[in-house]
Amino acid sequence: MIIIRHSSPGTHTNVPVRPLFDPVELRSALIVDDHPLFCDALAMTLTGPVGIHSVDSVGTLDAALSRLDREAPPDVIVLDLNLPDVNGLDGVVRLRQAAPKTPIVVVSSLDELKVVRALLKAGINGFVPKHANRDEFRAAFAAIARGEVYAPQMALEPGGASLSDEAVARLALLTRQQAKILQLVCAGLMNKQIAYELSIAETTVKAHVTAIMRKLGVQTRMQAVLFAQEASFAALALED
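Residue numbers for the sequence shown follow my numbering, beginning at 6 and rising by one.
I should point out that these hints are in silico values taken from the structure, not numbers from a laboratory.
It is possible that part of the hints are untrue.
As the list claims (entries may be wrong) - In silico DSS-like links for lysine-lysine, alpha-carbon gap of 27 Å or less:
no., residue 1, residue 2
1, Lys106, Lys126
2, Lys197, Lys185
3, Lys106, Lys135
4, Lys220, Lys185
5, Lys126, Lys197
6, Lys211, Lys197
7, Lys119, Lys220
8, Lys106, Lys185
9, Lys119, Lys185
10, Lys220, Lys197
11, Lys185, Lys211
12, Lys106, Lys119
13, Lys119, Lys135
14, Lys126, Lys220
15, Lys220, Lys106
Turn these sequences into a full structure, and let the hints steer you where they fit.
Have a look at this one:
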């Protein structure tokens, strides 16, 4: 049994917990990050101290989703949160839908406790801050390979439910197409524009929007947008 080390309030010590997922041999990784220099440095860490043989990278969420549609998923996905084509937790939810059995490790400078807790609820397997050293990266991916979750201890402790928790849970009910349409609705596009963007019929968009509102428990498009914004990092940071 793995002993969980308790950290004092306010610390962000990252520790593994008991296995929650199936162990996996980490031979390949896909980095989703739009900063080439950081991608290069992270790839060197993954192929060096971590011991992953093959590492590829893409710069957007859409590129990652397209790759997952065309090819078998890698053994682990390493995700940045600040991408040019995604806002808030929606990217994690959509990536988890596209690769339900693939471990997702978020590597980000956004290490607020509420953000990490929401990410865990959205289905990530690990969180490592961007400023972490190589030893911490090695420990994190070793924990993931054993089927464990790796995150700050305080994020793993039970906490009260929040509106953001509910938002994440309901967003997870959306299909990949519905999640994409909601993203475009949040960007201000009308049904006709969304139909053109996705090369589908406008009636299909209308049906998806109706289904989205039903799953989110809202009555209007504006309420759907506000609900999606509840899962954004800005909203999380403002929570009491």
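Hints, verified against the model:
About 15 Å separates the Cα atoms of lysine 106 and lysine 126, which keeps this hinted pair within 27 Å; it holds. For the suggested pair lysine 197 and lysine 185, the alpha carbons sit about 15 Å apart, so the restraint of at most 27 Å is met. A hinted pair counts as satisfied when its Cα atoms are at most 27 Å apart, and lysine 106 with lysine 135 qualifies at roughly 24 Å. A distance of roughly 15 Å separates the Cα atoms of lysine 220 and lysine 185; the hinted pair therefore holds under the 27 Å criterion.
For the hint pairing lysine 126 with lysine 197, the CA-to-CA distance comes to about 34 Å; that exceeds 27 Å, so the pair is violated. About 9 Å separates the Cα atoms of lysine 211 and lysine 197, which keeps this hinted pair within 27 Å; it holds. Proximity of lysine 119 to lysine 220 is assessed by CA-CA distance (about 24 Å); at most 27 Å being required, the pair is judged to hold. Between lysine 106 and lysine 185, the direct Cα distance comes to roughly 21 Å. Compliance with the 27 Å bound is thereby established for this hinted pair.
For the suggested pair lysine 119 and lysine 185, the alpha carbons sit about 25 Å apart, so the restraint of at most 27 Å is met. Between lysine 220 and lysine 197 the alpha-carbon distance is near 22 Å, which keeps this suggested pair within the 27 Å criterion. Restraint check for lysine 185 and lysine 211: the C-alpha separation of about 14 Å stays at or below 27 Å, so the hint holds. For the hint linking lysine 106 to lysine 119, the alpha-carbon distance of about 25 Å falls within 27 Å, and the restraint holds.
Distance check on the hinted pair: lysine 119 and lysine 135 sit about 17 Å apart at the alpha-carbon level, within 27 Å; holds. Taken as a hint, the lysine 126 and lysine 220 pair is honoured in the structure, with Cα atoms around 18 Å apart against an allowance of 27 Å. For the hint pairing lysine 220 with lysine 106, the CA-to-CA distance comes to about 23 Å; that is within 27 Å, so the pair holds.
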